[in-house]
Amino acid sequence: METRPSAVEIITLWSSLFLEADLPDHGEPTRRLIDLAATHRDDGVFSIDDPGVVWLKRQIAHGVGAYFSRSGRESAPEWGARGRFDVQEPGGYRPLANEPGAFLAGMYVLQWSPEQGVGGGRDDALPGCVSFYDPRVAMNMNAIKRDPYHRYHHSLLPRPGLLSMWPAHISYFVHPNRSREPTMAVRFGVQLHGPSSGNPRGPDGR
Amino acid sequence: MDGEGIPNWRPGFVEFWPTILVRRRLEACEGPNGELIAIVEDMDRSREQLTSRYQGVDFLAGDAPAVRWLRSGIEESVAAYFLEAGMDYPIRWSIQSWPNINRSGDYHPPHNHAWCYLSGTYYAKLPADGSGAISFYDPRSLANMLDPGGDAPEYTLRPDPGTLLLWHSSLNHLVHPNASDDTRISISFNIVLEWANHYASDD
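Chains as they are written, first to last, in this note's numbering: chain A, 1 to 206; chain B, 207 to 409.
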């Protein structure tokens, strides 16, 4: 039986931290947000005066605080967020993009059908999924089977009530919606304010 | 709906795409280090630009006991890397290796090791003043631009004699100037894979 040689230390650097949470008691505020999505298609979701929006803003604030805490910041910098409704009709998709100008990007899922079987014959597609791509360009180019650098994407099938956040520079792709219902989400970017949100901190403690 | 309630749910976190650096101290290194230093210094006397003309050298092909000891340590470390990753199938690879002597003021600008799989260095002699550190750079290009207070894009190590480092060959790294009058002596290597069809992904 193989064993690890003595004194081998595996140091992991520069991971990309993702937050995922299935929000409790999301039913009623989510229904309100779905109604709002029918009439608001600009990027001012968070300025709408509605209890559903107030609820979502509180959840996002909680998540952002948790994200800062988890990523080791001594104090959370000042931040703001801009959000928009994103509705993909059947057949709709979103090409590869990231969130310029933001620190975090995020998504709160309002409506997303798990039934994605309409159309297409390929078994290597991921209809309805959202795929996030390794920001280390071409890092997988010489990766072999089960290599730690082999898996270049993280893909998930969203579900209503899911709140997720990720580093804004990560590119992601919303696969074609092959369900019979529109998918709906609130997409948002979290922008940091001011230059005093902390000096760079070296992992070696310098 | 309680719009006024303070959320108290706990999120799940997942860290994707870490960049891996293996650090290992080879045990009982003092004796082999002395022999390695003598071999490298002897090579240095007989070869012009030993360090920068590394392509013509195959250091670990030597038969001296210290060289065989080091080769064994590297092979064990590479095997540990594969084991840690769950790559528990036959993998064929070869080593290309060369010695480095950095004298006072010498450094190695940022670079990576093209056409290789893993790269590494074993440190036999370091300046006593702590100079000659090695820094690795975040491959997530520009990821720090909107992340004040986040991880620095530079990770610096000051190895001790007997330390072996192993990393992905594409990772940019810098050897800082030797600010002392001592020499800094190390042995670097590349792990090159020999292709086999069973390396192809099973997912």
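Among the hints, erroneous ones may be present.
[What the hints assert, rightly or not] Per the computed footprint, the stretches of chain A lying under chain B, defined by three or more beta-carbons under 8 angstroms from a beta-carbon of chain B, are: (1) 20-30; (2) 131-140; (3) 165-171.
Hint data in this document are derived by calculation from the structure and do not stem from the laboratory.
Don't be surprised by glycine CBs; every beta carbon is placed ideally from N, CA and C.
A quick look at each hint next to the structure:
1. 20-30: Result for this restraint: holds, n = 7.
2. 131-140: holds (count 7)
3. 165-171: Held - the stretch 165-171 of chain A has 3 residues with a Cβ nearer than 8 angstroms to chain B, which meets the minimum of three.
Hint violations for this structure: none, all hints satisfied.
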